[in-house]
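4 protein chains.
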Amino acid sequence: MTEKKISKEHIQELILHFFRELVPFNNLLGIQVDSSTESSKASIKMKPEFIGNSAHNILHGGVIASILDIAGGLVAIMNTSEELENKDPNYIHKRLTTMSTIDMRIDYLLPGRGQDFIATARVIRRGSKIAVTRMELHNEKNEQIALGTATYLVG
Amino acid sequence: MTEKKISKEHIQELILHFFRELVPFNNLLGIQVDSSTESSKASIKMKPEFIGNSAHNILHGGVIASILDIAGGLVAIMNTSEELENKDPNYIHKRLTTMSTIDMRIDYLLPGRGQDFIATARVIRRGSKIAVTRMELHNEKNEQIALGTATYLVG
Amino acid sequence: MTEKKISKEHIQELILHFFRELVPFNNLLGIQVDSSTESSKASIKMKPEFIGNSAHNILHGGVIASILDIAGGLVAIMNTSEELENKDPNYIHKRLTTMSTIDMRIDYLLPGRGQDFIATARVIRRGSKIAVTRMELHNEKNEQIALGTATYLVG
Amino acid sequence: MTEKKISKEHIQELILHFFRELVPFNNLLGIQVDSSTESSKASIKMKPEFIGNSAHNILHGGVIASILDIAGGLVAIMNTSEELENKDPNYIHKRLTTMSTIDMRIDYLLPGRGQDFIATARVIRRGSKIAVTRMELHNEKNEQIALGTATYLVG
Numbered sequence: 001m002t003e004k005k006i007s008k009e010h011i012q013e014l015i016l017h018f019f020r021e022l023v024p025f026n027n028l029l030g031i032q033v034d035s036s037t038e039s040s041k042a043s044i045k046m047k048p049e050f051i052g053n054s055a056h057n058i059l060h061g062g063v064i065a066s067i068l069d070i071a072g073g074l075v076a077i078m079n080t081s082e083e084l085e086n087k088d089p090n091y092i093h094k095r096l097t098t099m100s101t102i103d104m105r106i107d108y109l110l111p112g113r114g115q116d117f118i119a120t121a122r123v124i125r126r127g128s129k130i131a132v133t134r135m136e137l138h139n140e141k142n143e144q145i146a147l148g149t150a151t152y153l154v155g
Numbered sequence: 156m157t158e159k160k161i162s163k164e165h166i167q168e169l170i171l172h173f174f175r176e177l178v179p180f181n182n183l184l185g186i187q188v189d190s191s192t193e194s195s196k197a198s199i200k201m202k203p204e205f206i207g208n209s210a211h212n213i214l215h216g217g218v219i220a221s222i223l224d225i226a227g228g229l230v231a232i233m234n235t236s237e238e239l240e241n242k243d244p245n246y247i248h249k250r251l252t253t254m255s256t257i258d259m260r261i262d263y264l265l266p267g268r269g270q271d272f273i274a275t276a277r278v279i280r281r282g283s284k285i286a287v288t289r290m291e292l293h294n295e296k297n298e299q300i301a302l303g304t305a306t307y308l309v310g
Numbered sequence: 311m312t313e314k315k316i317s318k319e320h321i322q323e324l325i326l327h328f329f330r331e332l333v334p335f336n337n338l339l340g341i342q343v344d345s346s347t348e349s350s351k352a353s354i355k356m357k358p359e360f361i362g363n364s365a366h367n368i369l370h371g372g373v374i375a376s377i378l379d380i381a382g383g384l385v386a387i388m389n390t391s392e393e394l395e396n397k398d399p400n401y402i403h404k405r406l407t408t409m410s411t412i413d414m415r416i417d418y419l420l421p422g423r424g425q426d427f428i429a430t431a432r433v434i435r436r437g438s439k440i441a442v443t444r445m446e447l448h449n450e451k452n453e454q455i456a457l458g459t460a461t462y463l464v465g
Numbered sequence: 466m467t468e469k470k471i472s473k474e475h476i477q478e479l480i481l482h483f484f485r486e487l488v489p490f491n492n493l494l495g496i497q498v499d500s501s502t503e504s505s506k507a508s509i510k511m512k513p514e515f516i517g518n519s520a521h522n523i524l525h526g527g528v529i530a531s532i533l534d535i536a537g538g539l540v541a542i543m544n545t546s547e548e549l550e551n552k553d554p555n556y557i558h559k560r561l562t563t564m565s566t567i568d569m570r571i572d573y574l575l576p577g578r579g580q581d582f583i584a585t586a587r588v589i590r591r592g593s594k595i596a597v598t599r600m601e602l603h604n605e606k607n608e609q610i611a612l613g614t615a616t617y618l619v620g
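Protein chains in written order, with the working numbering: chain S, 1 to 155; chain G, 156 to 310; chain Z, 311 to 465; chain P, 466 to 620.
Don't read these hints as lab results, they were simulated from the structure. It cannot be assumed that every hint is accurate.
Okay, derived cross-link-like pairs now, PhoX-like style, lysine-lysine, Cα gap no bigger than 25 angstroms in a straight line [to be verified]:
hint, chain 1, residue 1, chain 2, residue 2
1, S, K45, G, K196
2, P, K473, P, K552
3, S, K45, S, K141
4, Z, K351, Z, K439
5, Z, K355, Z, K404
6, S, K45, S, K129
7, G, K242, Z, K315
8, G, K284, G, K200
9, P, K606, S, K129
10, S, K129, P, K594
11, S, K129, P, K559
12, S, K47, G, K242
13, G, K296, G, K163
14, S, K94, P, K594
15, Z, K357, P, K473
16, Z, K355, G, K284
17, G, K196, G, K296
18, G, K249, Z, K315
19, G, K284, Z, K357
20, Z, K357, P, K594
21, S, K45, S, K87
22, P, K512, Z, K355
23, G, K284, Z, K439
24, Z, K355, Z, K439
25, P, K594, P, K510
26, P, K473, S, K87
27, P, K594, P, K506
28, Z, K318, Z, K451
29, S, K47, G, K284
Treat the numbers as computed from the prediction; the structure is a model and nothing was measured.
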């Protein structure tokens, strides 16, 4: 066992790096992310291939579900960074790569019209094993398109 | 008003055509669909860009949400084809293009490992305005990856 | 057909009367309600028979689900009072007595400790047939015990 | 530390005793329960005070939520009885009394008409900390009234 210490700031960089570079589906959708330990943002630009309904040019519900899950999962794991501080690197790696979504509910409030969409998420329940997050999706006019709640396994 | 009648079989073809050709996001993911009025199938092949977690090569939760929503929405609208029979074409077009997902819950049961995934959906509540569907996702080993429930506005 | 007009204020009184007097299960639990067209409140006092876990003296999850559903359903139907104004009394009666919960999700955030619990609800999506509401439950220390989302058939 | 061993059969009896005698709200509703490690049943008889809508004499949605949560929670904890076998009695007591519902979704499929209602539940995901269960409520005519999914903290 080495004596190498890993600060919480470094862990947070690792998490952001993971979400930015090592999640191929995020890259396919072109999702940009940022997060503190308390709240996260994920943004996406409308593209023709994201349309769910050609008659109305609105975002597909699956794209909305994807970006809400990404924002929720990111803040759920960022929220654990303090307790991971100074832990063994292998343990940290295992924790970061084994987190998973247990369940998610999405409420679609308005048709997904717009050019720029931002999902925001925050942690509403935090236990040693479980985090529950609330997510919202707004367009560039600040109209709320969708609402989500998800439960993550983080421990 | 023309006297042209539209049979339920023709309406079902229109619905399948809509889901196969006029939903760009389905095409981006390469999702194949089929449906009766009672149950639907949507299938997808694993591709590197669908991976959610590079450490484990598993399907992203957003892809799972997308295919479950597609299967549920398809059978929800197919289920209305009998009552649309012989209605005015403009009315039928409006009904088909204004259906929307109200809410969806997804339970992720196993990591999304595999090469071929099939979502199946059936209608569990059908009213004049609302349909509720249950969806399941299995891989090619018939392991159940996820479970979904969704409420659709169909009237 | 009589010419009798029914104002929205009178409809709101009818709705509150219905929830206060004609819902026996609300009375069994001793739930008190009030509501505008935009937000509602439902309150309950802890009693020994509401306990779900004798080891910890916390409110049963079913009591929490009940009060959240009551608060959500109340504001969902109050929200329709403007469009019911001046409609036929039989039609109004039918609308008020046929509303129903389509689905509900509850997130339990903290153990239900306390003496006085207040559920608040507001409408987050309103269509001609469907209302979606968000509900929260707090105890007398303003700790948030639970969060809910429900979809109601109101048309 | 004593050498006393506690068999899984004895643990199951303890769990059933807990649900039958130490959950006051179950007693208020008169809910009867039974369970194996794989599936549970909870039954309730209609009483006037359980009515949610005096115009239609149907079961209140909160009663439905309550019985579904009871059935789901019971099988979730029964499912852990094998791994608790021969553990220290204090540890077993702690595990049994600290389980909790994380979230629940209920889909109301038909109005709750009938005299006898039976909820059934089974475990669909089982991890070391989390169990996910599916629940159904039927009346004495075997009509399905409601469907539920819940996530429990069991570890």
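Legend entry - Pair hint K594(P) and K510(P), alpha-carbon separation not exceeding 25 angstroms: violated (34 angstroms)
Inset, instruction - Measure nothing beyond the straight line between the CA atoms of K45(S) and K196(G); if it is 25 angstroms or shorter, mark the hint as holding. - result: The hint is violated at about 30 angstroms.
Inset, instruction - Given the hint that K357(Z) pairs with K473(P), test it: the Cα-Cα distance must not exceed 25 angstroms. - result: violated (34 angstroms)
Legend entry - Straight-line alpha-carbon gap K45(S) to K141(S), limit 25 angstroms: holds (14 angstroms)
Inset, instruction - With a cut-off of 25 angstroms on the C-alpha distance, tell me whether K94(S) and K594(P) pass. - result: holds (17 angstroms)
Inset, instruction - Sort out whether K129(S) lies within 25 angstroms of K45(S), counting only the CA atoms. - result: violated (34 angstroms)
Legend entry - K45(S) paired with K87(S) [C-alpha distance capped at 25 angstroms]: violated (37 angstroms)
Inset, instruction - Given the hint that K473(P) pairs with K87(S), test it: the Cα-Cα distance must not exceed 25 angstroms. - result: violated (36 angstroms)
Legend entry - K606(P) paired with K129(S) [C-alpha distance capped at 25 angstroms]: violated (42 angstroms)
Legend entry - Hint consistency between K473(P) and K552(P) [alpha-carbon to alpha-carbon, up to 25 angstroms]: With a Cα-Cα distance of about 10 angstroms, the restraint between K473(P) and K552(P) holds, given a limit of 25 angstroms.
Legend entry - Pair hint K47(S) and K242(G), alpha-carbon separation not exceeding 25 angstroms: violated (34 angstroms)
Inset, instruction - For the pair supplied as a hint, K318(Z) and K451(Z), confirm whether the alpha-carbon distance does not exceed 25 angstroms. - result: Outside the cut-off at roughly 35 angstroms; violated.
Consistency note: the structure conflicts with the earlier hints numbered 1, 5, 6, 7, 8, 9, 12, 13, 15, 16, 18, 19, 20, 21, 24, 25, 26, 28 and 29.
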